[in-house]
Amino acid sequence: MNPAAARPSSRPFPYRVVRRARETADVATFELSPVGDALPPFRPGQFAMVYAFGVGEIPVSVSGLDDGEPTLVHTVRAVGAVSRALYGLRVGDTVGVRGPYGVGWDLASAAGLDVLVVAGGIGLAPLRPLILDGLAQPGRYGRLTVLIGARTPSDLLYRAQTRAWGAEAHIDVTVDHPEPDWRGDVGVVTRLLSRGTWSPSRVCAFVCGPEPMIHAVAGELVRAGTPPHRVQVSLERNMRCGEGFCGHCQLGSVLLCRDGPVTDWGRAEPLLAVKEL
Amino acid sequence: MTTSSSVPGAVISASEGLAALVDVLAEDRTVIGPTCRDGAIVLAEISTADELPHGCGVELEAGRYRLVSRPDAMIFAHSAGPQSWKTYLHPQRERLWTVDRDARGRLAFQAEDVAPPAYAFLGVRPCDLRAIAVQDRVLGGGPHTATAYRRRRERAFVVAVECTDPGATCFCTSMGSGPGVGREDGDAAAYDLALTEVLDDEGHRFWVRAGSPAGERVLGRLPHRPGDAPSRVAAREAVAAAAQHMERAMPPVDLHALMAGSLDAARWDDVAARCLTCGNCTMVCPTCFCTTTEDVTDLTGDHAERWQRWDSCFDLDFSHLHGGPVRASARSRYRQWLTHKLGTWHDQFGESGCVGCGRCIVWCPVGIDITEEAAALHAESADRQAAAEETP
Chain A
6 MNPAAARPSS RPFPYRVVRR ARETADVATF ELSPVGDALP PFRPGQFAMV YAFGVGEIPV
66 SVSGLDDGEP TLVHTVRAVG AVSRALYGLR VGDTVGVRGP YGVGWDLASA AGLDVLVVAG
126 GIGLAPLRPL ILDGLAQPGR YGRLTVLIGA RTPSDLLYRA QTRAWGAEAH IDVTVDHPEP
186 DWRGDVGVVT RLLSRGTWSP SRVCAFVCGP EPMIHAVAGE LVRAGTPPHR VQVSLERNMR
246 CGEGFCGHCQ LGSVLLCRDG PVTDWGRAEP LLAVKEL
Chain S
18 MTTSSSVPGA VISASEGLAA LVDVLAEDRT VIGPTCRDGA IVLAEISTAD ELPHGCGVEL
78 EAGRYRLVSR PDAMIFAHSA GPQSWKTYLH PQRERLWTVD RDARGRLAFQ AEDVAPPAYA
138 FLGVRPCDLR AIAVQDRVLG GGPHTATAYR RRRERAFVVA VECTDPGATC FCTSMGSGPG
198 VGREDGDAAA YDLALTEVLD DEGHRFWVRA GSPAGERVLG RLPHRPGDAP SRVAAREAVA
258 AAAQHMERAM PPVDLHALMA GSLDAARWDD VAARCLTCGN CTMVCPTCFC TTTEDVTDLT
318 GDHAERWQRW DSCFDLDFSH LHGGPVRASA RSRYRQWLTH KLGTWHDQFG ESGCVGCGRC
378 IVWCPVGIDI TEEAAALHAE SADRQAAAEE TP
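Chains as they are written, first to last, in this note's numbering: chain A, 6 to 282; chain S, 18 to 409.
Take the hints with a grain of salt, since some may be wrong.
[Stated by the list, open to error] Chain A stretches covered by chain S per the calculated footprint, using a threshold of three residues with CB under 8 Å from any CB of chain S: (1) 15-25; (2) 60-71; (3) 98-104; (4) 237-243; (5) 250-260.
[What the hints assert, rightly or not] Below are the SDA-like pairs computed for lysine to any residue, each with C-alpha atoms no more than 20 Å apart in a straight line: (6) 280/A - 286/S; (7) 280/A - 268/A; (8) 280/A - 287/S; (9) 280/A - 218/S; (10) 280/A - 242/A; (11) 280/A - 290/S; (12) 280/A - 283/S.
In short, the hints are calculated from the structure, not lab data.
Ideal placement from N, C-alpha and C gives every residue a C-beta, glycine not left out.
Bound conformation, chain S alone (with noise of 0.2 Å):
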């Protein structure tokens, strides 16, 4: 890594410098990043720099995403896109295991293991980056490991790039989760390389920092010049203004304890009328964890598997026991997911659930918005705080 004490940080070209850093990155590993595709952007498997999504932006707002194109050639200035990285980290469906019956019926299970891909993640913003520590406390931070997903997460290269255009929906700022990867020196358990887009007079490029030891041999192999200050102060100030332009903000309040207070709030049934108990919003979000389990047998019947799928809170099976759901209504099941993302989350694995990313807002086919959601129930919690001091 090429440094020097004062600018501790490489540039590299948006040509020459961005193109050479996918094609390293390919070279023994599955390159990931964001592309235009079906009207929205879409991580996909790309294999040159010329597939990431130049001078395309985002128009978003609650229920609402539009691709737009942008009047520069800006390549990540658009916000999150429907999917996050556990796409990949997390698949939606994977096996876990498989079962053969021999014809004296005894059962012999084979563990799924399969060397999963050396994924290298290119665009992965701020708060998607909080997002992938966050699930990896919750399924490896416990008891218990998550195999499959630790080998695939052990094996990630991560390509941090800042936010430089949030969109409408956006709110990391208010999470403490972006725009920005942190602090100067970097969390080296974080990312490998952090990306900073600038574009101004001085030309077309990005500011670079390594995170980790992998990090630094790929940035070594780009060609690079070492940091200047003029594109460490414009990218700083892109971060900066990107914070200045966040529209939306959580309240600035104990959201654990507003969640744990409000279990009874009126609210629950003012958004449950709106809420059509879908579960876009925890298929969109980068944190939300949750699956469950299909057992299928092939035609002789002395074959069977287990395969593991994204499920949601807002399914009526979710909470199925004997006897029928434990949240038969929408009130609770609106309940749980907020309360647990915003909450219970916090008593569970010992952090928000929520990165302020916005998707749960722009994918919500009815624009139910986490932010004012939590508004109302803070609106709704003082008013209640006031009236009981009122009372004598």
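So that you can see chain A by itself, here it is in the shape it has in the complex (with noise of 0.2 Å):
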């Protein structure tokens, strides 16, 4: 064993609600502010465990970029006990976090190469950092493009911010099942893949959605020339601790939480191929 290096389990810090937005109707974001001490700054793509009192704790990814305040933004979609517990959560009202957990987006990477996000649904709340964080160095980067796919245009997330980034970015937008006033896309978010503006061989993609929806993404990247690690993907599974000593994580040799969530495609689409691993 070697603690000096290993940082001790922790418990939940405690974070108060100071902002609530609903996104849809069963999507909220929150913005935490810590009622003590601090968590260290989440980079994008990493995760915290966050808990609602007395219901139980879930691992929710960091959907806002550090800015330098101790803040945290979590969007968070109500589907179990835990996340339906957050969704219900007030201005006022106090939560746990522990954290920041698991390996990041590697953005740096992609230094001057084109970059491409692709969010299928809630997927696009952990690709929210990587987009603001790509937004915020310009010049970095080649050009930055964000596809978005969701349900139906009432599930869309973010909306208003994702017009304003259309300023300074190509954003296009699909949806499975359109509503009477959509004029946009309908259909999966693959197809508007093949409207890309970016040479296959000379971008850096992030995706983060369902895990059909990641396939079907990346494998088509990978087709059309993007080299396997330069496909970055962020996957779920199971969380109970975040530290690495539960077990539920893993996905083959991937222990998710210590050695994701962020992984590249090179590594995952092995993995992902063998049904029920």
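Need the complex rebuilt from these two chains, each delivered in its own frame; the hints are there to steer you.
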């Protein structure tokens, strides 16, 4: 054991909800401010274990960019007991937060290359800080393209902000099921890839969404000539501790909380290819 | 420590020497050792050496465990019981933290901070010594360290006892983890004292080596005599004989590579037809470390606690995600257990997760044998390779 080099396992730190924005019927974005000591800064792609009092704890990716303030931004979709409790939080409520955990997006590896972000549904949440980071460093990267897919127009996240990003980045949005006033694209997000304005060999891609969508997008990019190591994906598995101790987040050789959740397609593809791994 | 340069080590008697060892350890430690209880060798707190399983042996087979009386007075001539030392170092249930909510809704978290008992483990078999080292790396070798585990581990005093009478389900020799504790000069980090039980015409005694300064201090307080060549030879021969008696073995192949190449093997369907997915193998395995958490509240509704308890990859909920479990089939769950134990453990922690103790074979209600499954996977892999080579 080498305890000197390792961070001790931790209790949650109390954070207060200082802002709540309802994104969709079942998704809300929270800004959390530390009540006492703050956790170390989170990098885009890393996650926190967020605890709802008396209900439980779930991993939630960070959705805000560290701007020197000790606040955290998380976007939560109400699908289980804990996420429903978190969705129901109001300004002034307190939660527990542990972290930062995991390996985040390696945006630096995209220096000098075009940046392609592909998000499906709630998958845009962990990609938001990456997009903000890219926009904050104009000139460091080539063209920034953001492709967003959602089930319906009502399920689109960060709508006002997405439009604002359009000033400096190419934003394309598609939905599976249009609503009466929808004038945009309809269909899966992979269809937007065919309109690529980037060179497959000179792009670094960042992909998050449902696993079949990740599979389709990454597969398409690699077939078009993007090296698998330049396609970064963020994966999801059950997590209990976030610190590599509970064993739940195994995906074959990978402990996703420790070695992920972001990994490159070269490593992820053979693992995801095995059913029920 | 009383030693000579040619014969490092000492000899203590099985009566006064062992009694004194328990007495000395019990002065300031909680001594845990094997006892006979409920028809099994059970780890329990002991206060005297009389509580050790004098004359107890075990008969083991796949899915079968029987305690038997031995014709001699050997104390440690039984292989591992259903428990392992993780029962104490990585307990089945422990509180991680508590949280109180005040009238204004503010939360105050309090990490569990109870000083753990200082344990002395008496009778740690070499396979289990390896298992402790394996869990050390899992729970403290990464970017984080499990604080409570580390505190218990750092305070533990380990008395290893080499294996001289392996059970029929043991295969430590093929895993390189027994039946001895390693080189004569010992692995200083692994044990404080190492004992080898010898019963021959010269008497019933233990060949003892110290593996740490703490071990030397304890040995120095025991009635002992300097190590003599006949005792040393008898001890070596007893351990060597145990290696010869090992009835089971893992196939002598690169198990890491075999598992990585067997993810779509037909054998998984065969074993899944027998496996009850009860999780017994994971509970008795000395290295299985997986846990889940429970969040509980009291009747006031303003006090909550987080508990950690052992979990099993055979549980359907283990891989639960929104939408259902990732590993829904028994096939995938057995495959997860075996490929992790023998394969991906290497990727994650740099070594095998199997120490060859054989507990999973004994305590499987349908007698699934990990060595047999590995051999079958190897045979299937070899057949597939041969077929591929024949194909022009």
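Worksheet item: Hint by hint, which ones does this structure get wrong, listed from lowest number up?
Response: Violated: hint 9 alone.
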